[in-house]
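Place chain B on chain A using the hints.
Chains as they are written, first to last, in my numbering: chain A, 69 to 297; chain B, 34 to 281.
None of these hints come from the bench; they were simulated from the model.
Worth double-checking, as some hints may not be accurate.
[Unchecked claim] A partial selection of chain B residues facing chain A, derived with a Cβ cut-off under 10 angstroms:
{"id": "1", "residue": "Phe126"}
{"id": "2", "residue": "Ser135"}
{"id": "3", "residue": "Pro172"}
{"id": "4", "residue": "Arg174"}
[Unchecked claim] Computed, partial: chain A to chain B, Cβ under 8 angstroms:
{"id": "5", "residue": "Gln90"}
{"id": "6", "residue": "Asp195"}
{"id": "7", "residue": "Val202"}
[Unchecked claim] Here are the simulated distance ranges between beta carbons:
{"id": "8", "chain 1": "A", "residue 1": "Phe101", "chain 2": "B", "residue 2": "Glu169", "range": "51 to 57 angstroms"}
{"id": "9", "chain 1": "B", "residue 1": "Leu48", "chain 2": "A", "residue 2": "Pro120", "range": "52 to 58 angstroms"}
{"id": "10", "chain 1": "B", "residue 1": "Pro208", "chain 2": "A", "residue 2": "Pro120", "range": "50 to 56 angstroms"}
{"id": "11", "chain 1": "A", "residue 1": "Pro204", "chain 2": "B", "residue 2": "Asn154", "range": "25 to 31 angstroms"}
Since the model is a prediction, treat every value here as computed from it, not as a measurement.
Using N, Cα and C, we set each Cβ at its ideal position, and we do this for glycine too.
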Amino acid sequence: MEPAGPLDLLLSADANLVAIVQLSLAITLSATFFAALLGMPLGAFAALVRFPGREAAVVVLNAFMGLPPVVVGLCVYLLLSRSGPLGQLGLLFTPTAMVIAQTVLISPIVAALTRQVIEDLWAEYCDEFNAMRVGPVARVAALLWDARFSLVTILLAGFGRAAAEVGAVIIVGGNIDGYTRVMTTTIALETSKGNLPLAVSLGLVLIALVMTINALAWSIRRWSEKHAG
Amino acid sequence: MRDEVAKLGVMRDRLSDLPIRFEAVDYCVASLAILSGVTFDICPGEPTLLLGPNGSGKTTLLKLGMELLRPSAGRLTFAGREAGALSRSAIVFQKPAMLRRSVAANISFALAAAGRSANPNVVEHLLDQVGLAGFEHRPARRLSGGEQQRLALARALARDPEVLFLDEPTASLDPAGTKGVEDIIVRIANAGVKIVMATHDLGQARRLGGDVVFLVAGRIIERAPSPDFFVSPATDAARRFLAGDLVI
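Chain A extracted, bound-state conformation (with noise of 0.2 angstroms):
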């Protein structure tokens, strides 16, 4: 009997194939959840409170968004390790050691994209604001509404960038079969094992996604132009 296609693993919804998928998607939206989290208010505090060295934390934040993954993943390992100083947490090769190394990864993409959409906004407002005696609590919501549209772009950025990872989440998770095995990590262990349907076909459930994801965006930005201005 000869091995089963690409075609045929995608078409037949092959468990294993629809597991490693499914997992997949749980840890990165996790961990853009997360991200937004983080990465959102950080960077509306960058982007409108003037402190000492902000300039110097604006160049970081903006480095940390080409933060290399294996460099995120052995950080996290060792922050997560027995000997680490959350080694007592047992979280390593975990789905949420996973979400974790995600989460660090982009959270700085989240915060520094989300600065920069804050600050262009605000120069535009600055001067409106001030005239109406917008109070600071209501500047901050106004500036996140008016950029809304862009803030989901920058977390569907976020998502692509994670769900295309595989450097951290093989440091941390280990690549578990049934437990922290994920599309990325599946790809690079099936290819080198040359069991190329599988990777082939994850591959292709990859691209799809990414291509969903973009093709999202570019949605929300047409119907926000069109609705909003």
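Below, chain B without anything else, positioned relative to chain A:
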């Protein structure tokens, strides 16, 4: 116009800010003097037009009056009170920023910022005042230049202003758009709102009347009622400006 707003139950009793008194006011950025020794009063009555070439300090003067800037030197008072007490002024900028929302939401935001209820009737009334009735649900940023300027006027009126500062509000508009905005300004002035408007458009200054404050290089060169200024200017700089010469 303000009476009509009052009928809607949204007027509030507040202290007057007039006269706004500039006493030997300087405004500098680093070592560059933008305004020097400016002394004059903004009193209730007809529109006050700030006339002068680009860079003469008109916008800075408006921002000082609106308390968006603080004088580097001199004294600025509002009905005898020190700066910081201003509550009944509004400003329309040359290029107003429209919030990324609908026309009605822009008005609601201005009403909320002014501590007033964003009652749909008030929103509708304000839009009607500036000829934008029926535009409620349009995205504000998709309006034409003239429509955006009128929406900015409605937002300013949402503050129920006693003084309305206007910074060249028709500078980028075509004649039809200019006339539409000027008609609204006249109606607002007739309703008892003090208009203080910067312009370098001589025709517009003639049309709107009132008194003219002529500025050159950050100094008030001449102040006179509009007919006097245009018929018999007292200074050589004003004569040259009216003759179309370049005054710097």
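For a quick check of understanding: which of the numbered hints are violated here, in increasing order?
Numbers 5, 8 and 9, in rising order.
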